[in-house]
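J.: Start from the sequences, fold in the hints, and give me the full structure.
Chains A and B, in that order, are what the protein sequence lines are. Residue 137 in the working numbering sits at position 137 of the first sequence; the count goes up by one each step and never skips. Add 1000 to a position in the second sequence, counting from 1, and you land on the number used in the working numbering.
Because the hints were derived from the structure by calculation, they are not lab data. Where hints are given, some of them may not hold.
Stated by the list, open to error - Derived Cβ-Cβ restraints for the label pairs, each shown as a range:
| # | chain 1 | residue 1 | chain 2 | residue 2 | range |
| --- | --- | --- | --- | --- | --- |
| 1 | B | G1093 | A | V114 | 26 to 32 angstroms |
| 2 | B | D1295 | A | Q61 | 34 to 40 angstroms |
| 3 | B | G1093 | A | R165 | 55 to 61 angstroms |
| 4 | B | G1216 | A | L274 | 23 to 29 angstroms |
| 5 | B | P1214 | A | V185 | 42 to 48 angstroms |
| 6 | B | V1371 | A | V114 | 42 to 48 angstroms |
| 7 | A | G135 | B | R1364 | 52 to 58 angstroms |
| 8 | A | V240 | B | P1202 | 54 to 60 angstroms |
| 9 | A | F6 | B | G1093 | 42 to 48 angstroms |
| 10 | A | L274 | B | D1281 | 51 to 57 angstroms |
| 11 | A | L64 | B | G1400 | 53 to 59 angstroms |
| 12 | B | G1216 | A | V240 | 30 to 36 angstroms |
Every residue, glycine too, gets a C-beta built ideally from N, C-alpha and C.
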Amino acid sequence: MDINLFLLQLVTGLALGSVFVLLALGLSLIFGMLTVVNFAHGAYFMVGASIGAYLYGLTGQFWLSVVIVPIAVGVMGLLTERFLVRPLYGRGIDYPLLLTFGLSYVLVECVRIVFGIDGLQMGTPASLRGAVNIGVGQFPLYRLFLIVATALIVVALWLVIEKTRFGLIIRAGARDPEIVRILGVDISKVWLIVFAIGTGIAGLSGILAAPIRAVNPEMGIPVLAESFVVTVIGGMGSLVGAVVAGLLVGVVYSLTSLYAPDYAEMSIFALMALVLLVRPQGLFGRAGLMS
Amino acid sequence: MSDVILNANRRKILLASAAAGATTVSPFAINFLSAQTPTIKIGFPVPLTGAFGVEAQDQVRAAELAIKEFNDAGGFNGRMAELVVRDDKLNPGEAATRTLELIEKDKVNFIVGSLSAAVQLSINNVTKDRKIIFNSISQSDAINEVKDFSKYTFHEALNPHMTAGAVGRYAFAKYGKKVVFLTADYAYGHEMVRGFQTAGKPMGIEVLADIRHPIGAADYSSFLPRIQALKPDVLCLCNFGRDLLNSVKQATDFGLKSTTKLVAPVLLYTSRVAGGAEAFDGVVGGTSYYWRLEDTVPSAKVLNDRYRKAYAGAVPSDYGALGYAGVKSVLTAVKNAGSVDTDKVIDAMRKLKYDFYKGAQYYRECDHQSVQSVLIVESKSKDMKDKNDVFNIVSVEAAGEARLRSCAELGHKA
Chain A
1 MDINLFLLQL VTGLALGSVF VLLALGLSLI FGMLTVVNFA HGAYFMVGAS IGAYLYGLTG
61 QFWLSVVIVP IAVGVMGLLT ERFLVRPLYG RGIDYPLLLT FGLSYVLVEC VRIVFGIDGL
121 QMGTPASLRG AVNIGVGQFP LYRLFLIVAT ALIVVALWLV IEKTRFGLII RAGARDPEIV
181 RILGVDISKV WLIVFAIGTG IAGLSGILAA PIRAVNPEMG IPVLAESFVV TVIGGMGSLV
241 GAVVAGLLVG VVYSLTSLYA PDYAEMSIFA LMALVLLVRP QGLFGRAGLM S
Chain B
1001 MSDVILNANR RKILLASAAA GATTVSPFAI NFLSAQTPTI KIGFPVPLTG AFGVEAQDQV
1061 RAAELAIKEF NDAGGFNGRM AELVVRDDKL NPGEAATRTL ELIEKDKVNF IVGSLSAAVQ
1121 LSINNVTKDR KIIFNSISQS DAINEVKDFS KYTFHEALNP HMTAGAVGRY AFAKYGKKVV
1181 FLTADYAYGH EMVRGFQTAG KPMGIEVLAD IRHPIGAADY SSFLPRIQAL KPDVLCLCNF
1241 GRDLLNSVKQ ATDFGLKSTT KLVAPVLLYT SRVAGGAEAF DGVVGGTSYY WRLEDTVPSA
1301 KVLNDRYRKA YAGAVPSDYG ALGYAGVKSV LTAVKNAGSV DTDKVIDAMR KLKYDFYKGA
1361 QYYRECDHQS VQSVLIVESK SKDMKDKNDV FNIVSVEAAG EARLRSCAEL GHKA
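T.: Here it is, written out as structure tokens:
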């Protein structure tokens, strides 16, 4: 097996991992802060892709979709937290889990009603079409863009969380919501915004993935399983974990495809099992968050 | 218990309202009428929900057209036909239950339908057992084989051996002999690969790789660098529906089309419309029907015009046309037989020589496979007459038993 092919496969894995990273970031953010296991995450991804593809079909403006979609899906997340999830705080972890699970079905059905069951057309935007030579072979320009876009989003999120006052509150709130509340911070408002950011990122990853996947009401279902695998490997609630595990899963999947394509699907679950055996809380997770 | 009472009450209300509005046409009134001349019922289990919902809905639309034609022509001795549609949810278990219900509860005379290799075998098991005619309108090789066949089993659709064979004979001759398969790992994919290989062997094709992917995979990028490095002349995408759409889209992104011809055994009209011109541009594949056949085949023009008139200018899809032909052949056999008796209708179907929409067809004696032409189409992005004009018909492989596996090969006694 020649080295160029190996390297090309590695880059393919990173591009694949980028989508995983984005998905896991949203999921981890919500869990780390609110301890809500959001089963509607795949559905928000699908809603983002659908709205984005619809807008793109209407206007032909990819960048406009990229701006509008996370805002629209974020607003949906805002409403979800305020009216559906909030009444369930203080109960067991399974209450919001079941709620969001049901919600995902509602969202899928809504998209079927609004946009139809046959899915929407979504081409690659003209400026990002085609393949470029990256030194080791031809690689789709759009997937390179995906890697860069993910890196930018991760850096932006890191800056917000590490360098702003709001980020400080998020970090403190994740550690000990009681103390934060005693210090006079309206923690429920913070939770509201974090939930919206998490779902907004899910929507954003939907529109970013739309040009390379078929956009249809069921596209979020496999995505949900994959993003949970990534979050479990990285550690539930850990953002660093989401990034590292996302890329790792992408690369492992991609390299297994090269050498043993039949086991590609299984490889990421094997990786998860292995990580759980060695570190039950995940690579970067804190123990005891689920209890 | 309360359910029964409720139902009884509802019936009374219906009865009262039917009596009150004697001139209004209520479903009850039709039922009342049919008590005297029972309708000929055709059960139609198709996956209305699930990944092939779009195709299934068109199967229903076109099948309703066949029913309407039959009824408009006066039915059979005044007996009208009726389509009883059920959702099989693309699930073999669900399909078996619905089929049994259609036979036991709805008392259908015949079953036509299905859209999945596995689901049709499950329906076939039930109809075989209950001695009811089943005309399958979905691809399968297994249904021809002696293990699953019965005299009640008819197969209106193409099978993978015919389809992949025709596409292979066209593509390997024209584009080259170095071949890679990207295959969905289930019956459909495996049967298609076998079809390509049987056709390709005498032509001397060289298979560089057969890469299997799980059914319903969303991302194919990890298989593509390897395929790119192998530089095949032809890449056969042995997957269906959305899997085909995803893999074509991603292979296009990887620039594979500059070195390799993308080929699909079954290139669906509906997939192409959903996927768009750009992704599918230049992809070659097989199909049972494409509406532009009307340029050369008069019966295709007749079907298209009727369909356009009934459904606001739309054209029938490939699987839609199969729904039409599947129902129409059973109803024609009823007329020919002069009876709805199963055995007499079977005899009439076996004798049938028909041209409903795509040229001459008939059911082969030993396995009831409909012998018919295979169309090779190429997807286009330029020179389109209208939004429905998505393919060029580049070749038509004429109908002929030589294109089928022999009866002996399938295990049938000569």
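J.: If a hint holds in the structure, say so; if it doesn't, say that too.
T.: Outcome of the hint check:
Hint check: G1093(B) to V114(A), Cβ distance near 31 angstroms, so the stated range 26 to 32 angstroms holds. About 38 angstroms separates the C-beta atoms of D1295(B) and Q61(A), a value consistent with the hinted range of 34 to 40 angstroms. Separation of G1093(B) from R165(A) is about 57 angstroms and conforms to the stated range, judged on CB atoms against 55 to 61 angstroms. Between G1216(B) and L274(A) the beta carbons are some 25 angstroms apart, a value that agrees with the proposed interval 23 to 29 angstroms.
Taking 42 to 48 angstroms as the suggested C-beta distance range, the pair P1214(B) and V185(A) conforms, at roughly 47 angstroms. Checked against the given bound of 42 to 48 angstroms, the beta carbons of V1371(B) and V114(A), roughly 44 angstroms apart, stay inside it. Distance hint check for G135(A) and R1364(B): the Cβ-Cβ separation is about 56 angstroms, which falls inside the suggested range of 52 to 58 angstroms. Checked against the hint of 54 to 60 angstroms, the pair V240(A) and P1202(B) passes, with Cβ atoms roughly 58 angstroms apart.
With their beta carbons about 44 angstroms apart, F6(A) and G1093(B) fall inside the hinted range of 42 to 48 angstroms. For L274(A) and D1281(B), the hinted distance range of 51 to 57 angstroms is not satisfied, since their beta carbons lie about 43 angstroms from each other. The hint said 53 to 59 angstroms for the Cβ distance between L64(A) and G1400(B), and at roughly 54 angstroms that hint holds. With their beta carbons about 31 angstroms apart, G1216(B) and V240(A) fall inside the hinted range of 30 to 36 angstroms.
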